[in-house]
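Protein chains: 2
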Amino acid sequence: MSKKIAGPEIERMVQLLARLPGLGPRSARKAALALIKRRTELLMPLADALGEAVRKIVVCPDCGNVDTLSPCSLCQDPRRDRSMIVVVEEVGDLWALERAGVVNASYHVLGGHLSPLDGIGPDRLNIARLIERAAAPDVKEVLLALNATVEGQSTAHYVAEQLAACGVAVSRLAQGVPIGGELDYLDEGTLAAAFKSRRRL
Amino acid sequence: MSKKIAGPEIERMVQLLARLPGLGPRSARKAALALIKRRTELLMPLADALGEAVRKIVVCPDCGNVDTLSPCSLCQDPRRDRSMIVVVEEVGDLWALERAGVVNASYHVLGGHLSPLDGIGPDRLNIARLIERAAAPDVKEVLLALNATVEGQSTAHYVAEQLAACGVAVSRLAQGVPIGGELDYLDEGTLAAAFKSRRRL
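Chains as they are written, first to last, in our numbering: chain H, 1 to 201; chain P, 1 to 201.
Calculated directly from the structure, the hints in this document are not laboratory data.
Any given hint could be a false lead.
Just so you know, same-sequence chains aren't split out, so a pair can sit in one copy or run between any two.
Unchecked claim - In the EDC-like style, the derived pairs of lysine to aspartate or glutamate whose C-alpha atoms are separated by at most 20 Å in a straight line are:
#, residue 1, residue 2
1, 140, 81
2, 37, 48
3, 37, 52
4, 37, 9
5, 196, 90
6, 56, 41
7, 56, 182
8, 37, 93
9, 196, 11
10, 56, 184
11, 37, 161
12, 37, 62
13, 140, 188
14, 37, 123
15, 140, 48
16, 37, 90
17, 30, 90
18, 30, 41
19, 30, 52
20, 30, 98
21, 30, 141
22, 30, 184
23, 37, 77
24, 196, 182
25, 37, 141
Given these sequences and hints, build the entire structure.
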């Protein structure tokens, strides 16, 4: 819509939708049209939901998770094992681990990974609070569940160094062949890690 | 998020975003997280924009376009040529023609195409109002700019029949090789249409 063919409200909606990950200008236009066309079933509920999100969603001051409670519902849950802190880069990683249902510990969301080229140093991540939390006497283990990327692993290395003084056990996720993975399609790094960490049957 | 790990507001936002075209459950989660993370630059403006859209966007009673004015800004524009009505399936098609800048006529949005299997008959489309408009004495030509799909073309056929009584000239877009198209990659239908409608140089 380079020319003015509709009110600025529609154009603004398209431009904002285009800034969501996964949507480009073309799919943002399609999304805007779907919203306009399905006013009562989609546009009104989504407008309400985003308004609610603006009013209610907060970042947990303890772990960096997002929720409508503060501290977040995971930090408030008495059934969670507080002796382990699982450190993740983003809230999406926390959601992925919760969907898999493998963790019953507390979490800590760093808010990203170290990236000196983008000006993201340790002070830009939620690391200081992690050191504080890890120093508590009931914490026995910190699991660094960061992405198996270069950035994730160098962040893990840095965080592990910072945690050394706490005297807490520091661990990381196992690396190897993913379940259902075919060797022929795996990269050399994964195969090397899987070989190195082979287990006796 | 099968388990309750965050407030229902976040889950609801993810579910609604997943209903946008182009977003699935996974990308909806990513979009929700991007919104939460970029609260002031993205979440708040988008919540506002959708709220504005709910309050202001209306369907034009004349042509079926969506706008914040009623009749829409295209119908109100005195520089538009009212002797031609360009009929499109959806508002997105109108936007595409306007982006291309090829039309300076008035539009008529049908709101879809005939699809008997989905229960979409002529009464579900904005056809009756088109017949009314086409009968006006200043209208000389109706261009059926419908998609070159089976559904689009059968809808065009039906609309052309309905328009026969108005005594107005009815036309359709040319079909052929798209600009930049390579013959080797085109389907047989397109090649047949291009051959049949070949032009003398």
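Verification of the supplied hints:
no. : hint       : in the structure
1   : 140 to 81  : within (10 Å within a copy, 77 Å between copies)
2   : 37 to 48   : both (17 Å within a copy, 18 Å between copies)
3   : 37 to 52   : between (23 Å within a copy, 15 Å between copies)
4   : 37 to 9    : within (15 Å within a copy, 24 Å between copies)
5   : 196 to 90  : neither (28 Å within a copy, 58 Å between copies)
6   : 56 to 41   : between (22 Å within a copy, 17 Å between copies)
7   : 56 to 182  : neither (44 Å within a copy, 54 Å between copies)
8   : 37 to 93   : between (34 Å within a copy, 14 Å between copies)
9   : 196 to 11  : neither (55 Å within a copy, 40 Å between copies)
10  : 56 to 184  : neither (48 Å within a copy, 56 Å between copies)
11  : 37 to 161  : neither (54 Å within a copy, 28 Å between copies)
12  : 37 to 62   : between (42 Å within a copy, 17 Å between copies)
13  : 140 to 188 : neither (34 Å within a copy, 68 Å between copies)
14  : 37 to 123  : between (46 Å within a copy, 17 Å between copies)
15  : 140 to 48  : neither (43 Å within a copy, 46 Å between copies)
16  : 37 to 90   : between (34 Å within a copy, 10 Å between copies)
17  : 30 to 90   : between (29 Å within a copy, 10 Å between copies)
18  : 30 to 41   : within (16 Å within a copy, 22 Å between copies)
19  : 30 to 52   : between (24 Å within a copy, 18 Å between copies)
20  : 30 to 98   : between (32 Å within a copy, 15 Å between copies)
21  : 30 to 141  : neither (48 Å within a copy, 29 Å between copies)
22  : 30 to 184  : neither (39 Å within a copy, 30 Å between copies)
23  : 37 to 77   : neither (41 Å within a copy, 23 Å between copies)
24  : 196 to 182 : within (18 Å within a copy, 50 Å between copies)
25  : 37 to 141  : neither (52 Å within a copy, 28 Å between copies)
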